[in-house]
Amino acid sequence: SVYTITGGDYLGDQGIAVSKDGVNWKAVSGKTGKEDVLASIPNSTLLWFKGKLLRFESTRAQVEISTDGSSFTSRTINVEDPRNLVPAGARQLYFSMDSVVSDGTYLYALYGYLLKDSIIRSSDGINWEIVYFPKNEDTWIVNKIQIHNNKYMVFYGDKMVVSDDGENWVEQPSYFKDFNARDPKGQILPVNVYFYKDNWIIQPYIEKYEEKITSGKLYITKDLKNFVEYNIEENA
88 SVYTITGGDY
98 LGDQGIAVSK
108 DGVNWKAVSG
118 KTGKEDVLAS
128 IPNSTLLWFK
138 GKLLRFESTR
148 AQVEISTDGS
158 SFTSRTINVE
168 DPRNLVPAGA
178 RQLYFSMDSV
188 VSDGTYLYAL
198 YGYLLKDSII
208 RSSDGINWEI
218 VYFPKNEDTW
228 IVNKIQIHNN
238 KYMVFYGDKM
248 VVSDDGENWV
258 EQPSYFKDFN
268 ARDPKGQILP
278 VNVYFYKDNW
288 IIQPYIEKYE
298 EKITSGKLYI
308 TKDLKNFVEY
318 NIEENA
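Here this note's numbering is used: the first residue of the sequence shown is 88, the next is one more, and so on.
Everything labelled a hint here was simulated from the structure, so no lab data went into it.
In this text, a Cβ means the ideal position worked out from N, Cα and C, and glycines have one as well.
Below, simulated DSS-like cross-link-like pairs (lysine-lysine); rule was C-alpha separation at most 30 angstroms, straight line:
| hint | residue 1 | residue 2 |
| --- | --- | --- |
| 1 | Lys222 | Lys238 |
| 2 | Lys107 | Lys139 |
| 3 | Lys246 | Lys222 |
| 4 | Lys264 | Lys304 |
| 5 | Lys284 | Lys139 |
| 6 | Lys222 | Lys203 |
| 7 | Lys304 | Lys272 |
| 8 | Lys238 | Lys284 |
| 9 | Lys107 | Lys137 |
| 10 | Lys139 | Lys238 |
| 11 | Lys272 | Lys231 |
| 12 | Lys284 | Lys107 |
| 13 | Lys312 | Lys231 |
| 14 | Lys309 | Lys284 |
| 15 | Lys304 | Lys203 |
| 16 | Lys231 | Lys264 |
| 17 | Lys139 | Lys231 |
| 18 | Lys231 | Lys304 |
| 19 | Lys203 | Lys246 |
| 20 | Lys203 | Lys264 |
| 21 | Lys231 | Lys284 |
| 22 | Lys246 | Lys309 |
| 23 | Lys264 | Lys238 |
| 24 | Lys312 | Lys246 |
| 25 | Lys222 | Lys264 |
| 26 | Lys231 | Lys137 |
| 27 | Lys304 | Lys238 |
| 28 | Lys309 | Lys264 |
| 29 | Lys312 | Lys284 |
| 30 | Lys137 | Lys113 |
| 31 | Lys309 | Lys238 |
So the derived label-pair ranges between C-beta atoms look like this:
| hint | residue 1 | residue 2 | range |
| --- | --- | --- | --- |
| 32 | Lys139 | Gly109 | 16 to 24 angstroms |
| 33 | Pro271 | Tyr306 | 18 to 26 angstroms |
| 34 | Gly191 | Ala104 | 25 to 33 angstroms |
| 35 | Tyr306 | Lys238 | 14 to 22 angstroms |
| 36 | Thr192 | Thr154 | 14 to 22 angstroms |
| 37 | Lys139 | Lys113 | 16 to 24 angstroms |
| 38 | Gln274 | Ser106 | 39 to 47 angstroms |
| 39 | His235 | Lys113 | 33 to 41 angstroms |
| 40 | Thr154 | Pro174 | 32 to 40 angstroms |
Could you put the whole structure together from the sequences, leaning on the hints where they help?
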């Protein structure tokens, strides 16, 4: 087996390292670090899908594909709108590819257009189709898609969009609208949601230190009815 990690990005040259034992690592992509080289750490997703290792990086409209975990080939991502959901047709403006998730059959991600994030899916990581575009007039920007217990969920503000099959999506009030806070400009800050086994872990945001937004509490629930509250230590 091969372990693969993804790291910094220097002038578009992405760092990828591999290991056979998890201890000794070898860089297979990216420039060697030097004191005068500043590499940023991109938001990226590295996942195994249908016998291939795929690497997506935040807003880059490309996917890195590997069959052995060590050598990668770059492919340009293509997005189509076969259901004619997006006004004036699909345009590749920006991506949120760090949100990519898999149900084993399809990959799901977010696609930016007109200050709204559409939901897109793909069976190969290269060719994508739009399966949902928000109909309301509000700015609709989210940061990730969640799949839990065969339910597909996208949280936004006090709303959420859910699906039972990944293709048909319905907008409804968010499970966590009571946890929402607002930033200094009055915009709703959606909560972060994580899953661990049967637990829902909810991380709402509070306003602290002028413009800075931080999280002060966690809530854990199994049934979305009974919540256990935890305090997060300062600077943790």
